[in-house]
Structures are given as C-alpha cells and as structure tokens.
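Please build the complex by placing chain Z on the supplied structure of chain E, with the hints as guidance.
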Amino acid sequence: DAGITQSPRHKVTETGTPVTLRCHQTENHRYMYWYRQDPGHGLRLIHYSYGVKDTDKGEVSDGYSVSRSKTEDFLLTLESATSSQTSVYFCAIIGGPGLATEAFFGQGTRLTVV
Amino acid sequence: AQTVTQSQPEMSVQEAETVTLSCTYDTSESDYYLFWYKQPPSRQMILVIRQEAYKQQNATENRFSVNFQKAAKSFSLKISDSQLGDAAMYFCAYSLSGSEKLVFGKGTKLTVNP
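These protein sequences, in sequence, are chains E and Z.
Counted the way the numbering used here counts, the first sequence spans residues -15 to 98.
Counted the way the numbering used here counts, the second sequence spans residues -17 to 96.
Do not take every clue at face value.
[To be verified] Computed spacing ranges between beta-carbons, pair by pair: (1) E:Q91 to Z:E34: 26 to 32 Å; (2) Z:P22 to E:E11: 19 to 25 Å; (3) Z:Q26 to E:H25: 17 to 23 Å; (4) Z:A53 to E:V98: 45 to 51 Å; (5) E:T55 to Z:E(-3): 41 to 47 Å; (6) Z:S(-6) to E:G24: 14 to 20 Å; (7) E:S67 to Z:S62: 27 to 33 Å; (8) E:K37 to Z:S(-6): 43 to 49 Å; (9) Z:Q(-10) to E:V(-4): 29 to 35 Å; (10) Z:L29 to E:V72: 17 to 23 Å; (11) Z:T2 to E:E(-2): 22 to 28 Å; (12) E:T4 to Z:A53: 43 to 49 Å; (13) Z:S(-11) to E:G35: 34 to 40 Å; (14) Z:P23 to E:P(-8): 16 to 22 Å.
[As the list claims (entries may be wrong)] Dumping the calculated EDC-like pairs for lysine to aspartate or glutamate here, alpha-carbon to alpha-carbon at most 20 Å: (15) Z:K37 to E:E63; (16) Z:K88 to E:D22; (17) Z:K52 to Z:D63; (18) Z:K88 to E:E43; (19) E:K37 to E:E11; (20) Z:K55 to Z:D8; (21) Z:K91 to E:D22; (22) E:K37 to E:E63; (23) Z:K37 to Z:E(-8).
[Said to hold, decoys possible] Quick look at which bits of chain Z chain E covers, simulated, 3 or more residues with Cβ under 8 Å: (24) 22 to 34; (25) 52 to 64.
Hints were generated in silico from the structure; no laboratory data involved.
The beta-carbon is built from N, C-alpha and C at its ideal position, and this holds for glycine as well.
Isolated chain E (complex conformation):
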C-alpha cells in the first residue's frame, strides 16, 4: 500500500466549531487532493495541491480551506463546521504530470457535524 494516512479516522463535532483533517504521505508525491464522498454524488474534489504552498480550488470548495507547508502534509480545515459538511473525506495522491497512472487514497475520515 502507498504510504498515505489520514487522521482522524472518525470525528463528531458540533456545528460552528473548527475542524482540521490531516493527510500525511511518505511517497514524496507533488500532487495531493481532498475529496468528499456523499451518497448519490460519488467523490467530489474539494481542494488540491500541486506543491508546497501551491493549492487550488475544486468543485465544492466553499466552506473549506487547505494548507500545505510540507510536501508530506496536506491539511483540510472546516473553519466553522455545518451539518452539510457531514461526509466521508478522502485524501489522495496521484502521479505527476503525464503519469496519471494511479491514485492512492487514504482510508477516509468519517466526519459527523451535529
């Protein structure tokens, strides 16, 4: 398995509180991604990073921010969690430009906002 881990694996939080999810990789991949998975929607891209301090928005970025201060860590922050952000969150690393060979996913974080 590719060296990619997410923490925490499960979290319950209250509406309005900040939440940070962590993705850590040991593969030295340049590209990292955060997706959310919801029934009937598949996986949707929230944010991605193409290098340290280089990030960009995906299709469902509202309410989320990201940071990448080191190659190995990509953080996803919900500044003020809402019930609509209850979801399963996946981090992924994918090969560099032109490779697109395979995406490796973390085990996912189930986040419940009550």
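Same frame as chain E, but now just chain Z:
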C-alpha cells in the same frame, strides 16, 4: 467541464455470472485516462482497471475487462465469473492527461447473490 455518468445506481448478479456496469463521459479532449475503482464496505478505494484513451485495445485484468468506445464516449466494465468479494461500490473516473484531477461518476452499487 468533464463529466462522468453512471446510469445504474444499483446492479445485482448471481455468483459465477457476468455483469456489465455502464459509464459514459463527456470531454472535448483526445488524450485522457479512464479508470474503474472498487470501494468495498471497508471504504478503501481500489483501482480495478485503467484505460489510456490513445490505446484502441481494451484493458483487461483477470476477470475484469472494459469495453472502451472512444467515439461514443463509453467505458463499461465487465466482471466475469462474479464472486461474493466483488460486491462493492464501483466508480468510473476520468483524468485528463497532464492534469491528474480525477472526476468521478456517482457510483454503482453491485450486489452479488450466492
């Protein structure tokens, strides 16, 4: 924007039989990659098969094969000799060559009946 459509939210198959999962996609590009991912109840995302658009030959991996129709923008997955362990969510995904963002369909839940 590229889109991926899986028109079958749920499918079922008898053990040892063959089942085909459908996927269509929309793109104006000519060079891209297509994937099928399997997600069992463990939530782990597992790459099943990958197809490069420039290759006319359909990809195969053991009991899994695809029918890639580039002109029709169709990418179906055939599972032969279905096994109980094949029961999972299956996601079709698209990636533009040189841009590693994966765009996912909404998924098809496959049930395998003994």
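Hint-by-hint comparison with the structure:
no., hint, in the structure
1, E:Q91 to Z:E34: 26 to 32 Å, "holds, 28 Å"
2, Z:P22 to E:E11: 19 to 25 Å, "holds, 23 Å"
3, Z:Q26 to E:H25: 17 to 23 Å, "holds, 19 Å"
4, Z:A53 to E:V98: 45 to 51 Å, "holds, 49 Å"
5, E:T55 to Z:E(-3): 41 to 47 Å, "holds, 45 Å"
6, Z:S(-6) to E:G24: 14 to 20 Å, "holds, 18 Å"
7, E:S67 to Z:S62: 27 to 33 Å, "violated, 43 Å"
8, E:K37 to Z:S(-6): 43 to 49 Å, "holds, 48 Å"
9, Z:Q(-10) to E:V(-4): 29 to 35 Å, "holds, 33 Å"
10, Z:L29 to E:V72: 17 to 23 Å, "holds, 18 Å"
11, Z:T2 to E:E(-2): 22 to 28 Å, "violated, 45 Å"
12, E:T4 to Z:A53: 43 to 49 Å, "holds, 46 Å"
13, Z:S(-11) to E:G35: 34 to 40 Å, "holds, 37 Å"
14, Z:P23 to E:P(-8): 16 to 22 Å, "holds, 20 Å"
15, Z:K37 to E:E63, "violated, 45 Å"
16, Z:K88 to E:D22, "holds, 9 Å"
17, Z:K52 to Z:D63, "violated, 26 Å"
18, Z:K88 to E:E43, "holds, 15 Å"
19, E:K37 to E:E11, "holds, 18 Å"
20, Z:K55 to Z:D8, "holds, 7 Å"
21, Z:K91 to E:D22, "holds, 13 Å"
22, E:K37 to E:E63, "holds, 19 Å"
23, Z:K37 to Z:E(-8), "violated, 29 Å"
24, 22 to 34, "holds (count 5)"
25, 52 to 64, "violated (count 0)"
Against the hints set out earlier in the document, violations occur for numbers 7, 11, 15, 17, 23, 25.
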